[in-house]
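Heads up: the sequence lines are chains S and V, in that order.
For the first sequence, the numbering used here assigns the number 28 to the initial residue and increments by one for each residue that follows.
For the second sequence, the numbering used here assigns the number 82 to the initial residue and increments by one for each residue that follows.
Certain hints may be false.
Not the full set, but computed from the structure, chain S residues with beta-carbon under 10 Å of chain V [as the list claims (entries may be wrong)]:
#1 M53
#2 E61
#3 F186
#4 T326
#5 V327
#6 V349
#7 L350
#8 I361
Computed spacing ranges between beta-carbons, pair by pair [as the list claims (entries may be wrong)]:
#9 S:R35 - V:R311: 27 to 37 Å
#10 V:T124 - S:D329: 33 to 43 Å
#11 S:E108 - V:Y243: 45 to 55 Å
#12 V:P145 - S:L144: 48 to 58 Å
#13 V:L110 - S:N166: 25 to 35 Å
#14 V:P145 - S:V307: 48 to 58 Å
Coverage of chain V stretches by chain S, computed from C-beta distances (three or more under 8 Å per stretch; other residues unrestricted) [stated by the list, open to error]:
#15 353-363
#16 406-413
No wet-lab data here; the hints were simulated from the structure.
Quick caveat: nothing in here was measured; it's all calculated off a predicted structure.
Quick reminder that beta carbons are idealized off the backbone N, C-alpha and C, glycines included.
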Amino acid sequence: MTAYIIRRLLLVPLLLFGVTILIFGMLQFLTPVERSALYVRDIPKTEKALDGIIKKYGLDQPLYVQYWRWLVGTKDQATGERSGGILFGDFGFSRVGSQPVASLIKQRFPNTLDLTLWAVAPVILVGIWLGIQAAVHHNGFIDQAGRVFSIVGASFPTFVFGLLVLMIFYSKLQWFPPGRLSDWANQVVMSGGFRSYTSLLTIDSLLNGRIDVFWDALKHMLLPILTLSYINWATFLRVTRSSMLETLRQEYITTARAKGLRENDVIFKHARPNAMITVVTLAGFTVVGLMGGVVITETVFDYPGIGKAAADAAAQLDVVTVLGFALFNGLILIIANLVVDIIYAVVDPRVRLS
Amino acid sequence: MEKSVALGDTNLLTEAVNLRRIGWLERALGPDNYRVIQGLFKTPASIIGFVLITLFVVVAFAAPLIAPPVTNDPYKIPRDGFKADPQPMMSPWTRNAPDLPFWWKPIMKTDQWVHIFGTSQGQYDVFYGIIWGTRTAFKTGLVVVTAALLIGVIVGSISAFYGGIVDNVIMRIVDIFLTLPFILAALILAAVLTPRIGRSLIPSMIALITFGWMGYARIIRGDILTIKERDYVMAARVIGVKDGRILFRHILPNAIFPTLVLASLAIGDVVLSFAALSFLGIGTEIGYADWGQLLSFARNWIISLDRYWYIIVWPGLTLTLFVMGWNLVGDALRDVLDPRLRGKS
Numbered sequence: 028m029t030a031y032i033i034r035r036l037l038l039v040p041l042l043l044f045g046v047t048i049l050i051f052g053m054l055q056f057l058t059p060v061e062r063s064a065l066y067v068r069d070i071p072k073t074e075k076a077l078d079g080i081i082k083k084y085g086l087d088q089p090l091y092v093q094y095w096r097w098l099v100g101t102k103d104q105a106t107g108e109r110s111g112g113i114l115f116g117d118f119g120f121s122r123v124g125s126q127p128v129a130s131l132i133k134q135r136f137p138n139t140l141d142l143t144l145w146a147v148a149p150v151i152l153v154g155i156w157l158g159i160q161a162a163v164h165h166n167g168f169i170d171q172a173g174r175v176f177s178i179v180g181a182s183f184p185t186f187v188f189g190l191l192v193l194m195i196f197y198s199k200l201q202w203f204p205p206g207r208l209s210d211w212a213n214q215v216v217m218s219g220g221f222r223s224y225t226s227l228l229t230i231d232s233l234l235n236g237r238i239d240v241f242w243d244a245l246k247h248m249l250l251p252i253l254t255l256s257y258i259n260w261a262t263f264l265r266v267t268r269s270s271m272l273e274t275l276r277q278e279y280i281t282t283a284r285a286k287g288l289r290e291n292d293v294i295f296k297h298a299r300p301n302a303m304i305t306v307v308t309l310a311g312f313t314v315v316g317l318m319g320g321v322v323i324t325e326t327v328f329d330y331p332g333i334g335k336a337a338a339d340a341a342a343q344l345d346v347v348t349v350l351g352f353a354l355f356n357g358l359i360l361i362i363a364n365l366v367v368d369i370i371y372a373v374v375d376p377r378v379r380l381s
Numbered sequence: 082m083e084k085s086v087a088l089g090d091t092n093l094l095t096e097a098v099n100l101r102r103i104g105w106l107e108r109a110l111g112p113d114n115y116r117v118i119q120g121l122f123k124t125p126a127s128i129i130g131f132v133l134i135t136l137f138v139v140v141a142f143a144a145p146l147i148a149p150p151v152t153n154d155p156y157k158i159p160r161d162g163f164k165a166d167p168q169p170m171m172s173p174w175t176r177n178a179p180d181l182p183f184w185w186k187p188i189m190k191t192d193q194w195v196h197i198f199g200t201s202q203g204q205y206d207v208f209y210g211i212i213w214g215t216r217t218a219f220k221t222g223l224v225v226v227t228a229a230l231l232i233g234v235i236v237g238s239i240s241a242f243y244g245g246i247v248d249n250v251i252m253r254i255v256d257i258f259l260t261l262p263f264i265l266a267a268l269i270l271a272a273v274l275t276p277r278i279g280r281s282l283i284p285s286m287i288a289l290i291t292f293g294w295m296g297y298a299r300i301i302r303g304d305i306l307t308i309k310e311r312d313y314v315m316a317a318r319v320i321g322v323k324d325g326r327i328l329f330r331h332i333l334p335n336a337i338f339p340t341l342v343l344a345s346l347a348i349g350d351v352v353l354s355f356a357a358l359s360f361l362g363i364g365t366e367i368g369y370a371d372w373g374q375l376l377s378f379a380r381n382w383i384i385s386l387d388r389y390w391y392i393i394v395w396p397g398l399t400l401t402l403f404v405m406g407w408n409l410v411g412d413a414l415r416d417v418l419d420p421r422l423r424g425k426s
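Work out the full structure: start from the sequences and follow the hints.
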């Protein structure tokens, strides 16, 4: 296992390098003037000032020089202040958000985390439960229904599903609004008395003892969670089902049955743990995917997470901002995938003992 | 059940005396590939899928007959005025109405065009957009799949054929391209390209191709790795055939079939992703016949969607049925290609 983990760790710097090259490559489609948003807040209007900026930040230098400067930033000789430098967490300035990209991310990321936190249980646990039911009743009614559901689910575009859900539960029934908080709740949160412990709204409101704010925050997340569940269940159902069917065919299951064990024990104590090994990886990647911001779902429901921020910036062609989000997303994904792979190695005895 | 048993018996019989007829298709494709095609037409679900796809093909070809173009550019949805609010279904079409097509009078029983599915924001006719959007869907789907397949096959073959360090480097590049989530990566590239190329189908298509070839590269690589070891490849090497010829004449034709079928069924997914990009506001100019854009209009009317339901239901249904057609066939294909299920019913 150590060898496996070391091999996996060695991949990380390579992936980091690759993703930065990929994003840097996309930056090259911009003109030097547009790229100066990486270093300065306001792009100057006059020709002369522009030339000064381009010179100062080396935007006309060879690519490898630019890449290096993009990584570490440029130090101002007079003041010693550094501008730019993604390694130091400076992703440039956002035209759309009129603030540094990094602070925009910092402001939006807690919302995405909050959504992830509440979506994990319904998305993953229910999805796995559906898959187990389908496998246990192989070729029965539940299995067939699940099959139809997973095909329909895979075909139903997220945004169409989201819009239909909004049509029913928002414009018709007025139950669950889009957005993040109602106006009154927003005022409570903005007021001085409300302390921010974790910046996750649901947890903060509980810690502040404001059940009403908590309920309001949760109410705004229900439809996105419903949509996320719906689109992920199809995958979980399919993977869990086939993995479970595979396990139920093994000889040790026959042995367990031959010993006269109750069917429930056979399924939940003997078959399920082994069938879960593949599902654990999928679950890990799903959580990581949610954390990276779900672009379409957040946009449909106007939920202010990092997915929607990226989509908004893209729609307004604010490329520096979009690439900043991509970079952040890439970092999360690389690290989280590493964690998932290592957990997988620890869980799966075939990898652990090799 | 009984019928299949009986069929199985006759098959056994004919096979026992080696008299089974081999049709021209099986002769052309070879037994393995023929089995795949056969499997695709066996389940009711996949047949429904084929029917749906055929229907859309017919609509795409017959678009000028179903909804005659109004201007020189048939992909521009004609506008009935410039009011913002959507107009209800079956409301009369007063300005820029298309010529009456041949089917109109017998079916609709009037001499006047109406907005069959209503108009969307800015008085774009929903029906017209759906009909011509079918052509847009096939156009983007075919171009993106073909290009991604071509790149994937070339990269994957080189990787598998040369193996060793080449293989390692290429597969790591594939890993890097797979790091970012597909839709986000495509969104970014399309956003980067749009200011350079202008709003059209092209930035989104390039983006979908750039981040869409890796799957094919992986599959073809796996297939080539097994075929590479076959005796006839060894034989070709022994008589001194050049690398390129071995790869393109001897290995690829034998390895490419599953990838090819898989790619052709990916059209549904590509159209879905393309619509998603349009929905997010990246892609064609406003008013282009494109399902994703029709749906994106609905974003501005969320609070009154119960009144304007037709601006999402019809385009949404069309897109869903289109994707479902490909998915139904694709599901049957997965069963046929899954080696664990091979040989079982």
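Of the hints given before, which are not true for this structure? Every hint satisfied by this model.
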